[in-house]
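Number of protein chains: 2
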Amino acid sequence: MSFEKTSTVESLLGLLSLGPMSGYEMRQMMERSTANFWTESYGQIYPALKRMVKDGLATVEEQSKDGRAKKVYKLTGEGERRLRAWLGVEAKPQVHRNELLLKVFFGDQALRGAIAAQVVAERERCEEALERYEATVLRMEVEHARHPAMPYWRMAARCGMAHAKATIAWCDETFAELEKRGLVSKAKFY
Amino acid sequence: MSFEKTSTVESLLGLLSLGPMSGYEMRQMMERSTANFWTESYGQIYPALKRMVKDGLATVEEQSKDGRAKKVYKLTGEGERRLRAWLGVEAKPQVHRNELLLKVFFGDQALRGAIAAQVVAERERCEEALERYEATVLRMEVEHARHPAMPYWRMAARCGMAHAKATIAWCDETFAELEKRGLVSKAKFY
DNA sequence: TAGCACATGTAATAAGTTACATGATTTT
DNA sequence: AAAATCATGTAACTTATTACATGTGCTA
Numbered sequence: 001m002s003f004e005k006t007s008t009v010e011s012l013l014g015l016l017s018l019g020p021m022s023g024y025e026m027r028q029m030m031e032r033s034t035a036n037f038w039t040e041s042y043g044q045i046y047p048a049l050k051r052m053v054k055d056g057l058a059t060v061e062e063q064s065k066d067g068r069a070k071k072v073y074k075l076t077g078e079g080e081r082r083l084r085a086w087l088g089v090e091a092k093p094q095v096h097r098n099e100l101l102l103k104v105f106f107g108d109q110a111l112r113g114a115i116a117a118q119v120v121a122e123r124e125r126c127e128e129a130l131e132r133y134e135a136t137v138l139r140m141e142v143e144h145a146r147h148p149a150m151p152y153w154r155m156a157a158r159c160g161m162a163h164a165k166a167t168i169a170w171c172d173e174t175f176a177e178l179e180k181r182g183l184v185s186k187a188k189f190y
Numbered sequence: 001m002s003f004e005k006t007s008t009v010e011s012l013l014g015l016l017s018l019g020p021m022s023g024y025e026m027r028q029m030m031e032r033s034t035a036n037f038w039t040e041s042y043g044q045i046y047p048a049l050k051r052m053v054k055d056g057l058a059t060v061e062e063q064s065k066d067g068r069a070k071k072v073y074k075l076t077g078e079g080e081r082r083l084r085a086w087l088g089v090e091a092k093p094q095v096h097r098n099e100l101l102l103k104v105f106f107g108d109q110a111l112r113g114a115i116a117a118q119v120v121a122e123r124e125r126c127e128e129a130l131e132r133y134e135a136t137v138l139r140m141e142v143e144h145a146r147h148p149a150m151p152y153w154r155m156a157a158r159c160g161m162a163h164a165k166a167t168i169a170w171c172d173e174t175f176a177e178l179e180k181r182g183l184v185s186k187a188k189f190y
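These protein sequences, in sequence, are chains A and V. For the first sequence, the numbering used here gives the first residue as 1, with consecutive numbering after it. For the second sequence, the numbering used here gives the first residue as 1, with consecutive numbering after it.
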């Protein structure tokens, strides 16, 4: 069993494990559940679905619900096996590029206040992410309280939330240090 | 001033702000300093350097140190301005894909013990990252104690370390929960 | 009737890795 | 003498986003 470099196909298999659905619905579902740590564009989804059918990982059925045509995909046994196999393979360590850290690293070259502004902006982004996580979990708890996968959804969300919280703490600490060093441009923050 | 989607050129400008160097040396330097949050391959570096010279962001000088030829690049005023401008632009929020979280999210489909194993593996990766960060900072403190950029290098490292620590804590908490739910395959961990 | 959500797809472009090709020098 | 490191580069391939093209059905 060999896997591609990225997990586009597997993310779709995972969604199909929750029930048959169309490419459009997959995109939507990602937006409402995994958006904080995984998304796919239509440009990836539709070609991937074609490959999946060709490879026997899913089947298609053209449905015309209310005159509106859609292609509903369904996981095959082979698809399930493939998903399970992928879930058992250790993700190999990959560098996730972090533009903020790159900017901080070269911060000595920035105009006074620029890095402090980056830190403030990052803090805001993290607060937003945290809110998104909280809203997502809350909605899921309400809509799918008894779903067997719920504990896993909660675990995944908690990891993202832990990241966000740690980054917020770092932002505060770092902003304070920049302030102590006189590297915060007053005009912008008081 | 408009920027490309990624910061390959800017990462090279940043390195050149520390002093003139060759493409090979840039790669090496990244490996020894920003490897935890930013790397570039030669396939990116060499073409980018060509573009940079063409765009007036750097100049080249062919040097033959000890009979060995190399191209040493140097930042121009325009290159400096460009770097400073980039440092002042807020990074727009991007989803960084997290394969581990995707696997946890679909963990209900995994074989017993598989997700616990993923969590254990992630914990190890984070411990390693933490060690790399500590070693990097230590080496820098020794080699460049009085470098004006040192405070920024420390800040960047501390952010990465905070991430790693937060993830380790999440791993422990999550492993404990999986254990409580009987989702750890005994054979593998005792 | 205008606009939005539903629905599927492709083409162009961008971004990035890997493997290969080449050759010098230094270390083992 | 072999292997590793220094040094530059390109070609093939993979991955991903964005914009475009097309059309239906529902809602304001």
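Because the hints were derived from the structure by calculation, they are not lab data. It is possible that part of the hints are untrue.
Intra- or inter-copy, both count: the list cannot distinguish identical chains.
Said to hold, decoys possible - Straight-line distance between alpha carbons at most 16 Å, and here's what the computed EDC-like set of lysine to aspartate or glutamate pairs gives:
#  : residue 1 : residue 2
1  : K5        : E31
2  : K92       : E128
3  : K5        : E141
4  : K165      : E179
5  : K165      : E127
6  : K92       : E124
7  : K74       : E177
8  : K180      : E80
9  : K5        : E124
10 : K165      : E124
11 : K74       : E62
In this text the structure is predicted, and so the values were computed from the model without any measurement.
Here's how the hints hold up against the structure:
| no. | hint | verdict |
| --- | --- | --- |
| 1 | K5 <-> E31 | neither (22 Å within a copy, 22 Å between copies) |
| 2 | K92 <-> E128 | between (29 Å within a copy, 13 Å between copies) |
| 3 | K5 <-> E141 | neither (33 Å within a copy, 37 Å between copies) |
| 4 | K165 <-> E179 | neither (21 Å within a copy, 25 Å between copies) |
| 5 | K165 <-> E127 | within (8 Å within a copy, 19 Å between copies) |
| 6 | K92 <-> E124 | between (31 Å within a copy, 12 Å between copies) |
| 7 | K74 <-> E177 | neither (54 Å within a copy, 32 Å between copies) |
| 8 | K180 <-> E80 | neither (56 Å within a copy, 26 Å between copies) |
| 9 | K5 <-> E124 | neither (32 Å within a copy, 22 Å between copies) |
| 10 | K165 <-> E124 | within (11 Å within a copy, 21 Å between copies) |
| 11 | K74 <-> E62 | within (11 Å within a copy, 60 Å between copies) |
Of the numbered hints given earlier, the model fails hints 1, 3, 4, 7, 8, 9; all others are met.
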